[in-house]
Amino acid sequence: MELLHKSGDIIAERYRIADILGEGGIGTTYLAQDVKSGSTVALKALSLRGMADWKMMELFEREARVLSKLEHPGIPKYLDYLQVDTQSDRGFYIAQQLAPGKSLFALVQSGWRGTETEIRSIAIQILEILVYLHSLEPPVIHRDIKPQNIIREENGQVFLVDFGAVQDTYHSTFAKSSTVVGTFGYMAPEQFRGQAVPTTDLYSLGATVLFLLTHRSPADLPQERLKIEFRDRVQICEEFADWLEKMLEPDVEDRFASAKEALEALRGKRRVGIKARSPLPWKALIGVGVAAVASVIVLNSYKWAILGTLGFQPEGLCTDVVTLKNYLQQGGNPNGRDNDTNLSLLNCSGYKDAAILLIAKGADVNAKDNGGNTPLHIAKNKDVAQYFSVKL
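If you're matching positions, the sequence shown starts at 3 in the numbering used here and goes up one per residue.
A few of these clues could be false.
Simulated pairs of lysine-lysine, DSBU-like, Cα-Cα distance not exceeding 35 Å [said to hold, decoys possible]:
1. K57 to K79
2. K248 to K229
3. K354 to K248
4. K262 to K79
5. K363 to K262
6. K57 to K104
7. K57 to K327
8. K262 to K327
9. K8 to K79
10. K8 to K38
11. K104 to K38
12. K38 to K71
13. K327 to K104
14. K57 to K38
15. K57 to K71
16. K104 to K248
17. K57 to K8
18. K363 to K57
19. K248 to K71
20. K79 to K327
21. K229 to K38
22. K57 to K229
23. K79 to K363
24. K104 to K79
25. K229 to K262
26. K327 to K354
27. K229 to K104
28. K71 to K104
FRET-style restraints, in silico, Cβ to Cβ [unchecked claim]:
29. Q89 to R218: 30 to 38 Å
30. D234 to T88: 21 to 29 Å
31. T321 to G158: 25 to 33 Å
32. E139 to E266: 18 to 26 Å
33. S112 to L50: 17 to 25 Å
Please keep in mind that the hints were generated in silico from the structure rather than gathered at the bench. Since the model is a prediction, treat every value here as computed from it, not as a measurement. From the three backbone atoms N, C-alpha and C, an ideal C-beta is built for every residue, glycine too.
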């Protein structure tokens, strides 16, 4: 994804860009300073020229509208919505208070290992936020709870961020959406067919808790009948494990009925009832995603061949050789493009080992990016460039 701004740029004579906080499917979030107040803010930007389709604009405007109505200490406060025109583009911006701390994903990457008490505290705080969101009229469903979207301060307080996938419409039944949103590994089965209800967020929170306990993506853990098999991989008390299993039930009706119920159970005020293992839960699969999800579980060798058709890919394809190797072994397309940068995998990978893997799987050395550049033209280091030269 082409960056809209560089450090030092001033937006609307108000916000000075300082750094990049993160890049996602819908826009780039910058660290910025309000030149009027001197405060530091998170500024999410979307370029009209860089939009893949109008759905991105719809999601961005929905995020701004929803954020402007929210008021909770665990959600950074909405500050502003801007539209700025230039000679060649139009930029859209959402300004929010900056959540202090690091994302749970960044903490784990840096070696942080939370205790059971600390992880339970995180879950309780997010559930308190979900109780608030789901009690609004209409209910607000986040739809993309994951370690990257939860920020934790050193004192243990957490914040829920990135409402780019938010849904705020009434769903008395499973009304089908035209858009599949979420992050693979943290998505509830119903999201594969474009559907979401409040308890969809419970599944994603459960998957996030599992990541904190195992330091592995839930997608990489064994599954049986769509249920993640995790008990032999975590060291937690039986009561917490029962709670987590119920959060991760593939069928909506088998999860806690609400965030409030899940919160009461985690606090020990409600007994957790685990449903006996039943035949394959087809209710979790009915719809567009049946073949895709079932095949992912049963035929792991073709996981990314199937999920790629739905627009999913693992994080770190351009930066981690092990992730790339697993992706290719599980049916990933060697000529595919990285979702974040929109570059071909050969163009965005900076390691000779990655280039060798990709070419061995059939990657096209002569493939050109949108600017007409081949992998050789934009190779990130000398070793990779020399290897491409040999293969041409």
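Exercise. Quick check: which numbered hints come out false for this structure?
Worked result: Numbers 3, 5, 8, 20, 21, 23, 29, 30, 33, in rising order.
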